[in-house]
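*Asks:* Heads up: the sequence lines are chains C and E, in that order. Note that the numbering used here gives residue 521 to position 524 of the first sequence, counting from 1, and the numbers run on in steps of one. Note that the numbering used here gives residue 135 to position 138 of the second sequence, counting from 1, and the numbers run on in steps of one.
No lab work stands behind these hints, which were simulated from the structure alone. Keep in mind the model is a prediction, meaning the values are calculated, not measured. Check each hint, because a few of them may be wrong.
Any copy, or any two copies together, can satisfy a pair, since identical chains are not distinguished.
List time: in silico DSS-like cross-link candidates among lysine-lysine, alpha-carbon distance up to 27 Å [claimed, not checked]: (1) 468 x 550; (2) 496 x 507; (3) 259 x 302; (4) 11 x 286; (5) 301 x 614; (6) 247 x 152; (7) 8 x 231; (8) 11 x 185; (9) 231 x 286; (10) 207 x 143; (11) 9 x 231; (12) 326 x 465; (13) 363 x 410; (14) 167 x 9; (15) 11 x 143; (16) 152 x 88; (17) 466 x 488; (18) 159 x 244; (19) 304 x 159; (20) 11 x 152; (21) 8 x 225; (22) 470 x 366; (23) 368 x 392; (24) 548 x 271.
Protein chains: 2
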Amino acid sequence: MKKVTAQDLAKKQKEISVAEFFERNKHILGFGNATRALITSIKEGVDNSLDACEEADILPEIYVEIKNGEDSECRIIIEDNGPGIVKSQIKHIFGRLLYGSRFHAIRQSRGQQGIGISAVVLYGQLTTGKHAIVYSKSEEDRPAIKVELAINTNKNRAEVIKYDTEHWEKPSGTRFEASISADFIRGKRFVYDYIQSTSIVNPHAKIIYKEPDRTVHEFERTSEILPKKAIEIKPHPYGVELGTLIKMAKHTNSRKLNSFLKTEFSSMGDRTTKAACHEANLDPNLNPKNMSRNEFLELHKAFKKIKIMAPSTECLSPIGETLIKRSLKHETQEISPEFIITASRPASVYSGNPFQIEVGLVYGGKLAKDKPATILRFANRVPLLYQQGGCAITKAISSIDWRRYGLDQPSGKGLPIGPAIFLAHISSTQIPFTSESKEAVSDVNEIENEIKLAFRECARKVQTHISKKVKRKKTREKFDLITKILPEIAKKSANLLNKPVPSLEGVITKIMDVVWIEDIIDYEKTERQAVQTTLTGEDPEGEKTSGTITKSKILVVNYKQKPQNFNLYAVIPEDAVVGSVSPKPAKITNNYIKWNLGKIDPVNKIDVLFELAGLEKGDFDENDLYVENINPAFVIGADKWEGN
Amino acid sequence: MKKVTAQDLAKKQKEISVAEFFERNKHILGFGNATRALITSIKEGVDNSLDACEEADILPEIYVEIKNGEDSECRIIIEDNGPGIVKSQIKHIFGRLLYGSRFHAIRQSRGQQGIGISAVVLYGQLTTGKHAIVYSKSEEDRPAIKVELAINTNKNRAEVIKYDTEHWEKPSGTRFEASISADFIRGKRFVYDYIQSTSIVNPHAKIIYKEPDRTVHEFERTSEILPKKAIEIKPHPYGVELGTLIKMAKHTNSRKLNSFLKTEFSSMGDRTTKAACHEANLDPNLNPKNMSRNEFLELHKAFKKIKIMAPSTECLSPIGETLIKRSLKHETQEISPEFIITASRPASVYSGNPFQIEVGLVYGGKLAKDKPATILRFANRVPLLYQQGGCAITKAISSIDWRRYGLDQPSGKGLPIGPAIFLAHISSTQIPFTSESKEAVSDVNEIENEIKLAFRECARKVQTHISKKVKRKKTREKFDLITKILPEIAKKSANLLNKPVPSLEGVITKIMDVVWIEDIIDYEKTERQAVQTTLTGEDPEGEKTSGTITKSKILVVNYKQKPQNFNLYAVIPEDAVVGSVSPKPAKITNNYIKWNLGKIDPVNKIDVLFELAGLEKGDFDENDLYVENINPAFVIGADKWEGN
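Turn these sequences into a full structure, and let the hints steer you where they fit.
*Replies:* This is the structure:
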């Protein structure tokens, strides 16, 4: 055989088109098998629809349909009421990989790669040979545009087969249709789960889902408010790579280093800019275009040494603890768990990208005791269904020793076994997915640590919850003894001796020697004040139009021997609206209500009441109470206020 | 706030360059953190070097060096003695993502994506701002070319900073240098492990590895033979996607359907082509360029209905059971495991890509009993170090119930806990990695099933091994009784009675009533016949130049009452060379030696001997023996021959 030389090898070297690459590696995009391909296709379509609606401030109404074709071929349809897409862009958005509007913007969105929906088109034509069809209407008084297209994989460009126009009732929207090789029988449950989970963490979206047998599932919106809009921000100096810094300096319009830093980065004010230049020993008047690699290196090092404010979190749109709790309640309706606990971390940064972690933990009830715990993972409000084993969320949970929380975990590591559900949501301007299929989060240290911290906080809350319960139970026994049996004995003894019943106040307070706080929560349905009709003009009906008022009643009894005068704090969810409060509170913030309770004499009590609107029944089901200006050791039912 | 319209959104739509995409998503390429980045960089360089050497039929000698720079910056150097790269290609291979020679070729190779090494260049310039340097020498009588380059990420093209020439001693080779942000302290152990594992499954490669503190590790080659070369093949009709079929028909030079099928696909002969056309109801003389989508659809369906020979496996280069056993022996030197068992499956196909699974299982010894079992994963002779949880190999192992093999596994699923090591190697023309970082295999059903089947075979062998051991132990006790104690009693009784010692033959055979087979294996060192000097001209020294002869001695004793005449089979490793054999065998194949043992009279014995060359000490440490023409129930130490 002839010896192979460098020249021979050179002849084989060839460029690979990105479309060709992904066609060959379709599993990387989440099309590895016929079940997964179905879910990925639906997911990419719905993600795009939700993003588009939110960007245009439209309450999303999304229609998903799967039509079962022959030979395990499905036709999928995803339609929205978003702003539509202008004609010239349709062929690029659906017919080119690596093309999109969200890649270059630093803010939270579902799509970020510019690959998703075109990958569905690619997969469809690869497996069925059929073209995709896109309808788009962007102006109310014009007809919709209909485009039939395919992807030329050698060029990574769309081939438009046909342009057309068509009448469409909606004021605006996009409809996407593609035929794909898919396994609906196996995928059925996953598609439903995906849509349900999506609906739970996107309560502002209405999703209608029609299965091949014409069964229709309607997931109504439970909130008429769009989530807080994620605002685009500039890159943060922490974690910006040296190479990126150099590239930014090349392209800036600023002629001076200090204005470059202030204009192109977030969190860089006068003071910080000055500190950075000083630390790097650089003249703030330097032209960034003329700086040497070494000067950039010094600047880059300086970023890490000086204190820079965390990036603004307005680029993020977390789910919120209330919604997380609601989603967990929903998941565990028939399980009656012992408790549901949530925690959220302040926003943090990895490689210059802000991110925030929210978690939840469900324990007990009818959950299986001998099965591995369930993990629910979400990223930017999108449920993650596959690759659990390869996800940083799983890794973080597995690294905590859960054995002291009643879970089985051989060697104190690994996925715990027992009656628990773990939920984690990561919001970020850029989720570091392990692959383009966006199914698992990469093990970036900063993110893994934050997830661990969040779950540790959860674990601490679990312990507080348990110890509070134990303490309260013990005191309750004492309390029952004192308030029921003692007076009974006193009464009987008095009767026997034919004397008046003695006052037991002194005895009770002497034995109890605590301030007793307990609470009851009630829900009251009310007609919603202003019924907002949905965008389709239909009048939403029934249960969904009525709101819920959460009524919290807190009973404070002074069983100490001296009068008490202290402050009480009740923690409230950020997204709740406070209604009537009595007695008059000293302060109401986003997070708590504070009362100065005034003097309470021994064996006297005070009723504290407050109402919350904007929550659903059960969202708020346990008060988190704190006290100030009193020794917390003498208080049952509240902890020491540590400030907020 | 102004309402966002489709026009506003259109303005933000933008093309994303593939280099820009990966720069932003560096974790997808395996550069998620500073430890992993170090290993990925080394791995990409070594993979390329091994591929290049093997393609040019050169025994690889690879030099790896890590120099520790300041501020967790490392300079990595990877040098080989491969064929070099021609000048015009250097800038493309190292300076463009999605460019390479192995993407379009259907045969097993380490690199397949055309991303790896340019990703290292990209990561290096992103994190350190420094350029990569490539030296290449492709002609012995010319100097080496030196190229300093960077990647323009907006264009995904190399920017060559400088071309130069330099004197280089080697006849040919490539040297790659890049500075990357990396954490050597944390990565140290992983780099060593990676190089060691690589050396074990690539015994034909010599690897020299120099750490920052100048410690040098030499991994000598233990085989002077290049692995079987993987031959490029054509796509196989099974699993070829409809879209690919249509595309192939568009580009073919064949003018007739039957010649198109025969020329462009593997395993399509006259008969199969005819059957396919007949099944699809298509005229074999059709011009493939004029066929309709429906006709292709029929053809595509026909492929799945007719019987087509499996694709040729000459495109694959599996490791072989001997090497797998050796690698496991090496890993477990100090553990003295109870047994090491291997299994390999015949080649199979997924989506038209041939693949083959080989597995191994180590059990017992000093392995931890309360820790999860260890999994060693390899793909195309490359060790996989990360993303174990997200890998099809892990999933397949976890889906088998291992509890009856003495491993702990809550609920009979999940990673088993106990003293075991699982090894799996997948070779394929295209490994379906979950991402471009090539760390985990995607859960393609066909592959997962084959891995399961392979491990089930292992498990069966474990059971046979255990039951054989138990059976032999029981018979051994009987044997000891008969052959030692009975004659002793006979002797003593005879002495006592003053009579001659009686013949015990009849008694012994009556009690034993079996054919007893046992074996001993010895190793003998020999001077290698022809000492081949390494390519650097150094004379390899000491132990490495001597070979080992494996000597197997099988003792067959007839303890039955009648003479026996049967066939004996000894299974031998495919890669062993058979030396002297006695008695004269009836047949020698790649897999076994067969003897017709002739008549053996009662209490008579036969010594069967054979020698194997080409193995290392311990590679072959237990005979696998079978018998034919005798009731296997009467044989201890061999099973029934079922054919091969």
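*Asks:* Please go over all the hints and tell whether each is borne out by the structure.
*Replies:* Against the structure, the hints come out as follows:
no. : hint      : in the structure
1   : 468 x 550 : within (21 Å within a copy, 76 Å between copies)
2   : 496 x 507 : within (23 Å within a copy, 106 Å between copies)
3   : 259 x 302 : within (18 Å within a copy, 67 Å between copies)
4   : 11 x 286  : between (35 Å within a copy, 25 Å between copies)
5   : 301 x 614 : neither (47 Å within a copy, 55 Å between copies)
6   : 247 x 152 : between (30 Å within a copy, 15 Å between copies)
7   : 8 x 231   : between (45 Å within a copy, 19 Å between copies)
8   : 11 x 185  : neither (41 Å within a copy, 35 Å between copies)
9   : 231 x 286 : within (19 Å within a copy, 52 Å between copies)
10  : 207 x 143 : within (22 Å within a copy, 62 Å between copies)
11  : 9 x 231   : between (43 Å within a copy, 16 Å between copies)
12  : 326 x 465 : within (22 Å within a copy, 55 Å between copies)
13  : 363 x 410 : both (24 Å within a copy, 21 Å between copies)
14  : 167 x 9   : between (53 Å within a copy, 24 Å between copies)
15  : 11 x 143  : between (37 Å within a copy, 22 Å between copies)
16  : 152 x 88  : both (13 Å within a copy, 22 Å between copies)
17  : 466 x 488 : neither (32 Å within a copy, 83 Å between copies)
18  : 159 x 244 : between (41 Å within a copy, 20 Å between copies)
19  : 304 x 159 : neither (57 Å within a copy, 40 Å between copies)
20  : 11 x 152  : both (14 Å within a copy, 17 Å between copies)
21  : 8 x 225   : between (55 Å within a copy, 23 Å between copies)
22  : 470 x 366 : within (25 Å within a copy, 42 Å between copies)
23  : 368 x 392 : both (18 Å within a copy, 17 Å between copies)
24  : 548 x 271 : neither (52 Å within a copy, 79 Å between copies)
Against the hints set out earlier in the document, violations occur for numbers 5, 8, 17, 19, 24.
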